[in-house]
Amino acid sequence: MDIVLEDVSCMLAARTPFNAKAIDRISLHVPAGQFVAMMGPTGSGKTTLGQLMGGLILPQSGAVRIGPYRVHKKSDRLRLWKTIGFLFQFPEHQVIEDTVFNHFGARLHRLSTRREWVAEQVNQTMEAVGLCFSQFKDRSPFQISGGELRRIALAGVLVTEPKILILDEPTAGLDNWERSRVLSYLKQVHNERKMTVLYMTHRLEEALEYADRILVLDHGQLYADFHPCNIRDHWQRLERIGFVKTPLLRFIDSLEERSANKLLESVYKEEQLISFITTLSRKEL
Amino acid sequence: MENVISFKDVWFRYDSRQDWTLREINLTLDEGEWLTIVGGNGSGKSTLVRLINGLLQPTLGEVAVYGKKTCDHRNLWDIRQTVGMVFPNAENQIVGLTVQEDTAFGLYNIGVSPDEAESRCRSVLQLLGLYELKDRPPYFLSGGEKQKLAIAGVLAMEPKVIIVDESTSMLDPHSARQIHEIMSELHRNGYTLIQVTHEVEEIFTADRLVVMQKGKIRFDGTPQEAAANSCVFTDSGLLPPFSVRMRDLAKQKGLNVPATNEFEFGEE
Amino acid sequence: MQWLKLLSFGSSMNTRSFLQDLDPRSKLIFTATYLSLVTISNDLVSVVFYAIVGLSLILAARLPLAYLWNGLLGLIPLLLTLFCFHMLLGDLKNAILLPCKLIFIITTAIALSATTPPTKLADGLEAILRPLTLVRFPVQNFVCMISVAFRFIPLFIDETDAMMKSHKLKHARYKGEGLRTTTQSLLQLLVALFVAVLRRANQLALAMDARCYLPGNKIRARRLQYSWRDGITILLALALLLIHMLLKGEVFERWIP
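Residue numbers (my numbering), protein chains in the order written: chain B, 1 to 285; chain L, 286 to 553; chain F, 554 to 810.
Since the hints were derived computationally from the structure, they do not count as laboratory data.
Wrong hints could be hidden among the right ones.
As the list claims (entries may be wrong) - Within a straight-line C-alpha distance of at most 27 Å, the following computed DSSO-like cross-link-like pairs (lysine-lysine) qualify:
1. B:269 x L:445
2. F:718 x B:137
3. B:82 x F:801
4. B:137 x B:73
5. L:419 x L:293
6. F:801 x B:73
7. L:419 x F:718
8. F:721 x B:73
9. B:74 x F:673
10. B:137 x F:721
11. L:499 x B:269
12. B:82 x F:718
13. B:21 x F:646
14. F:801 x B:74
15. B:187 x F:673
16. B:194 x F:654
17. F:673 x B:21
18. B:137 x L:499
19. B:187 x B:269
20. B:163 x F:718
21. F:646 x F:801
22. B:245 x L:353
23. B:194 x F:801
24. L:536 x L:293
25. L:538 x B:21
26. B:262 x L:499
27. B:262 x L:538
28. L:419 x L:353
29. B:194 x B:245
30. B:163 x F:646
To be verified - Restraint-style ranges between C-beta atoms, simulated for each label pair:
31. F:612 x B:213: 50 to 56 Å
32. F:710 x B:133: 55 to 61 Å
33. L:305 x B:133: 51 to 57 Å
34. B:143 x L:516: 57 to 63 Å
35. F:717 x B:98: 15 to 21 Å
36. B:146 x L:362: 30 to 36 Å
Treat the numbers as computed from the prediction; the structure is a model and nothing was measured.
In this text, a Cβ means the ideal position worked out from N, Cα and C, and glycines have one as well.
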């Protein structure tokens, strides 16, 4: 299921004094199965774009088509929502059932009412995100916080096997281990199920590491659209809107000062840097 | 000279039925030092700083600020004026209906006169670049501006120690950098700073580093000492800073490594 | 739902109107008088009269009518419910009166908030309630609580919005849900919102403590001053009261056999 936006504009709080153009004439095509990172300074319209692409809000002008569904038609929207998984920025807005098990059960119940099947699915998904089934299943979500709740929300979204996954800053507030865990699970699921992933984030490290494509928004307009390997070509423009070099990029800059090695130009991921360093011999540095 | 902050054999837990959140904390801090406390979520670092201004009381042991013990409730008034605290979520700290009103909140509480309050607010807001926004409701501020407002509210009270608890974890990199610059500026102006964070990349600007895990202090020394020996991080369940990892890797190959200082956050 | 936010931020519109230059105390006095009279009035003549007064308020506030219209549009479901409810009970008079009263109340609230910065409103409220300190009513606490509540209203609206959106997604799969599941979902939303509110309150309390908050300690800086416009406003409030009594008297007379 690909996503197509045609000259879409969206205003927030229209017809009130607070109206602001959140999205300004954006046209975009996301082919099925792509892992897209959406970045941009706060207020650039990332969240609004994510919600538009999920059919949660309607554009004031332009058309949004997701697979065969047109967002403007209500019946299409309802069918669309069955195949979309949306992870909100704060899991507290999403996981509101009385127990963790019921949070998953609410979605799975419609697919099959066999309790054993539902329990098995929940078990599998929870283990996959690294949560002990027996420990968490009867706990109230209000007693769980931070990284664990986010993993539950993520598992809840994935358990229904959506074709499109939209994630709004899924790693904000998590520490390093939790972050790498969430991201590696996400990448694993993306590779296995070939789902389209729209990943909204501030963190350039994550976008470079995991995304196939980086979209940058600024003031509601598409500012840049490139593959992570071309980060250097776009860097000057990105710096103007507030992008900060990641430790990896700074390290590469420093290495480049010492040795103009051709291979370095194509390095933008940690594993590439690691293999670069390991294949380097003493005399080259 | 007495220590600005001292923890003596402090143990803490919220409830007698629960496990200890802090174990055997012994820590002292001198005037003008920048201390960074780093640890994963749940390591007890936020709990530790809440013991400093008396929001929590130690279950065992003693915490003192400029010699005044936090267990004596008569000291809390002075302690909370001396130690200002910026909480993680700026949204839940801002009380006023406008930027100006929130900055003045603490001042009205401590009984500063309206004229003095206004002049202090003006200088603090100008310092942080918020003066043009002084009549704006907090709802219309960006994340970085809200965090700056939280700092303004604390600075206006003219503390000697400022605790910054995970104030950049929810911010975008540009705003986070602005907050770090403000912290460096405050440090240069003689404030004692305590920075709590889970982001190991931020340790290099500090004078002193404390690494915590599961309520215990695993390391207490300079960031350079920690960077020279990366098992300080891995033993405490943390990923070492990027430059440290790469340098270790390069060292394995016997390569001449770039000095860690080159990648100090904020110094390029 | 976004229209509720209008109540907190109306004053970010800068209309140079008569109402804007008024001291908040006179505005509050007028509003309180008007609203109480609207609430206790019980016949169509009064309602028409208060409608005229309300309209003049809007004109005096120089509110863009589109702004107001949008706010009221959000109310239509509630108004219709009230109307139908009373029609079902066979009470035609109330069916018309109650929605009208609600409209007046909301309009006045919007007019008031659009022309008064919230800080000034809080000051005015505190100044008016000050006599109550003689009976040990915690006026400063009360006003502080109201200010803080106002500060957080838009945030709670946004949270509810997010929760409802997530709910829409989760439950899009089933149409024709039973009443039981709908009520259950609604309850879950309410509980979640309640918990969110409590969490914020908890963190806020800590932050306020850290800044040496003690109930009742606040000294407000601003000095409020009356002017000739306030005199007119208070006179108008008294005039309203007088007219109300006259109207009531007339109606009363008509009913004397």
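Next item on the list: Would you list, in rising numerical order, the hints stated earlier that this structure does not obey?
Entry: Violated: hints 1, 3, 4, 5, 6, 7, 9, 11, 13, 14, 15, 16, 17, 22, 23, 24, 25, 26, 28, 29, 30, 32, 33, 34.
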